[in-house]
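Sequences are here, hints too, so could you generate the full structure?
Take a look at the letters that make up each chain.
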Amino acid sequence: MTLNLWLIPVLPAAGAAINGFFGRRFSNKMVSAVALASTAASFAWALLAAIRLLGMPADQLPYIERIGVWLRSGDFVVEYGFYLDHLSMIMMLVVTGVGFLIHVYSVGYMGHEGGYYRFFSYLNLFMFFMLTLVLADNYLLMFVGWEGVGLASYLLIGFFFLRDSAANAGKKAFIANRVGDFGFLIALFLLVKHFGTLQYTDIFHKVAEFSPGIESGAGLLTAIALLMLVGATGKSAQIPLYVWLPDAMEGPTPVSALIHAATMVTAGVYMIARSNAIFSRSTTALAVVAIIGCLTSFFAATIGITQTDIKRVLAYSTVSQLGYMFLACGVAAYSAGIFHLMTHAFFKALLFLGAGSVIHAVGGEQDMRKMGGLKKYAPYTFWTMLIATCAIAGIPGLSGFFSKDEILWQAFSSPHGHWAFWLLGITTAFMTSFYMFRLLFMTFFNEYRGPVAVQHTSHEAQPHAATASAEHAGHTHAVPPPAPPTNAHDHGGHGEPHESPWAMVVPLVLLAVLSVIGGYVGVPKALHGGNHIEHFLAPVMPTITAEAAGTAHGGAHPEQEQSQAAEDSSLELTLTGVSVAVAFAGLGLAWLLYVKRRDLPAKIANSLGGLYTAVLNKYYVDEIYGAAIIGPLIAFSTRVLWRGIDATLIDGSVNSGAQGVRELGDSLRHQQSGNIRSYAGWVTAGAALVILYMVWMGTR
Amino acid sequence: MVPISYYLVLSAILFACGVAGFLIKRNIITIFMSIELMLNAVNLTFVTFAAQWQALSGYIFVFFVMVVAAAEAAVGFAIIIAVFRTRETLNVDRVNLLKL
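Chains U and P are the protein sequences, given in the same order.
The numbering used here numbers the first residue of the first sequence as 90 and each following residue consecutively.
The numbering used here numbers the first residue of the second sequence as 810 and each following residue consecutively.
It is worth saying that the hints were derived from the structure and are not from the lab.
Computed from a predicted model, the values in this text were never measured in an experiment.
Careful: at least some of the hints might be erroneous.
Have a look at the derived ranges for each label pair, beta carbon to beta carbon [said to hold, decoys possible]:
id	chain 1	residue 1	chain 2	residue 2	range
1	U	Q760	P	F872	18 to 28 Å
2	U	V750	P	R835	28 to 38 Å
3	P	L907	U	A724	23 to 33 Å
4	P	F893	U	W771	20 to 30 Å
5	P	R835	U	Q760	17 to 27 Å
Computed list of lysine to any residue pairs in SDA-like fashion (alpha-carbon distance at most 25 Å, straight line) [what the hints assert, rightly or not]:
id	chain 1	residue 1	chain 2	residue 2
6	U	K685	U	I394
7	P	K834	U	Q760
8	U	K295	U	I275
9	P	K834	U	L778
10	P	K834	U	H759
11	U	K295	U	G272
12	P	K834	U	G763
13	U	K295	U	A376
Which residues of chain U face chain P? A partial, calculated answer using Cβ under 7 Å [unchecked claim]:
id	residue
14	R766
15	A769
16	G770
17	T773
Built from N, CA and C at the ideal position, the CB exists for glycine as well.
Right, dumping it as structure tokens:
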């Protein structure tokens with residue numbers, strides 16, 4: 090039985106090609122039809138494949154579809170093929186499903202921007218690479234997808250490329266990712282060198298036979314895992330490479346939702362979960378993953394509290410939530426990480442799309458201080474955003490509650506866990522709840538603080554006015570004289586905030602539904618749930634209990650799991666109670682500060698003084714990187730590589746060679762006087778010399 | 810009998826005179842005459858050695874040189890006349906149209 094998995098990535102690729110090559114001549118409707126149809130078909134096929142996969146007997150898993158041999162070099166062979174198991178199935182469904190909803194949303198959001206076809210072409214291209222990444226059956230093909238999503242991300246962040254900040258943000262994202270890719274690539278080289286293959290199945294087999302059983306110090310598997318982690322920190326915006334993600338908000342909002350919240354940034358988590366056979370064998374690597382995840386989630390949450398740009402708050406929130414996923418992977422609770430990845434994809438995509446709807450409603454403004462009171466103007470956006478906020482904050486009953494709680498519990502109870510992880514995690518949960526409700530209250534509650542009924546080309550909508558005109562300017566070379574620049578998110582000539590068109594509202598509602606029900610696949614046993622997702626993923630990755638049982642007693646994990654769960658369930662319930670309390674505390678504090686006593690935040694900020702300024706300025710991390718790495722690098726490149734080696738050594742040697750020849754020629758040029766008698770003189774002198782020589786030779 | 814060295818020295822002096830005239834003079838006809846002088850200095854050497862070694866080929870060579878010189882004189886004077894008609898000068902330094 091063949092599932093024809095190749096169709097899933099190829100369909101969006103076809104959409105990208107059609108829109109990319111011919112889209113300029115299409116009407117906007119045609120462009121949307123191509124993009125939506127290819128994504129919808131891909132989603133439908135993915136759904137079909139998933140259903141048929143679930144019907145397969147367990148011994149046929151993972152399902153591998155070989156298309157052909159890609160590289161052959163001696164014994165080393167890389168195949169081109171697709172790999173479907175429960176893990177890639179979840180990823181595939183999230184990518185195509187959320188991706189499709191965001192495509193629908195983009196039709197409404199991007200409707201008035203220039204470069205419409207270009208946007209959808211890039212978006213489909215991204216889908217192609219992302220699906221290649223999650224469906225690849227070897228690390229090299231995964232790396233192709235990995236690089237490809239980086240490219241798509243670069244193109245989409247810099248979509249408004251005439252705006253300097255957008256172009257720079259694109260470059261920053263790409264370069265930060267390159268740093269990570271470097272580590273990933275070296276990990277791949279190590280795999281090739283020591284295992285001679287990059288196919289998942291072969292590697293996992295060989296790793297399983299690799300001795301010693303579990304590395305505690307520095308060894309080959311630790312090195313590979315840590316280098317992979319470097320790659321993952323780049324792609325998934327973890328310390329120390331997270332700096333690109335907040336800047337990536339320069340891209341259009343649907344892009345932020347799709348790439349920088351729901352899918353691409355989770356690639357690192359997927360990669361670690363996929364490589365769990367390697368990571369689980371190295372306690373050092375796991376500890377590093379957990380520490381990085383934990384610190385990132387805490388660190389980013391503190392920054393999120395102070396930001397006022399609605400998308401930046403969400404960006405730091407994304408970094409923070411990704412930290413949770415890393416924490417889960419770091420305590421070997423991969424299924425908890427993937428669970429959170431899935432629920433996060435739902436509610437964070439929803440939050441970003443809601444933020445886009447808000448930005449749309451107020452005409453391009455992104456500063457939350459100039460919003461407020463939007464509840465009555467944009468009710469659908471408000472209600473869906475409320476659901477998403479509750480979900481991410483961990484209000485019981487919503488998806489984020491279950492997944493986050495699972496991670497916190499695993500961080501506490503897992504053999505690789507530690508109470509410190511839990512403590513930092515629960516603090517982060519409190520901050521998450523606080524800054525998310527702060528965002529909600531500042532945006533939707535109280536009175537509208539933005540300018541009402543103003544001139545529409547005024548400062549209010551400047552960012553988008555600029556981009557709109559920039560877009561038009563960018564295309565003057567290609568299209569007949571464009572229509573006068575229109576302001577993308579400022580319709581109709583009324584200054585009042587307004588609800589978004591249906592194409593934007595429907596995805597919001599669907600994602601809100603998913604944000605609510607998404608958690609019920611993983612209700613923990615302590616709450617009398619089945620924790621289905623953990624069982625679901627069990628064939629792919631040993632859960633920590635199974636692993637502990639496996640090392641101690643050699644299998645028989647269901648009973649083991651059950652007894653352990655029963656033992657721990659009272660403790661788990663207590664911890665759950667704490668996290669619920671913390672979520673509500675965050676809500677309450679946000680209510681107090683941003684609804685009841687709105688004079689307080691400024692006072693608190695004042696009393697904190699330098700600390701507040703430091704956090705507001707993101708701990709000056711960008712500046713520190715600039716001074717410590719980028720500045721010296723540029724100085725080195727300028728002084729040594731450019732002026733020293735290139736200008737002085739290379740150019741210098743060539744130029745001085747040319748100069749020497751020129752000077753020699755200059756002096757010889759005087760021989761060529763054009764005066765016949767001087768030539769004759771030289772001939773005579775030469776002849777005289779020859780004769781003298783012969784005479785001298787003769788007389789010797 | 811006059812020693813052979815006398816002939817050779819005379820020939821050398823004549824040749825040197827020819828070279829000097831060729832290098833110093835500007836009048837194209839004088840230069841032409843200097844060339845003839847050099848040719849005849851060489852002829853003198855030929856006949857000297859031919860007489861010395863009793864070799865007929867030396868005499869014959871002299872005739873060839875004379876024939877070539879005559880032909881050259883005919884062509885050369887034709888050119889000189891043509892130059893004079895267009896340039897109205899016989900100064901070689903002023904016949905320099907091809908010079909950059």
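**Study point:** Contradicted hints - numbers only
**Key:** Result: hints 1 and 3 break, sorted rising.
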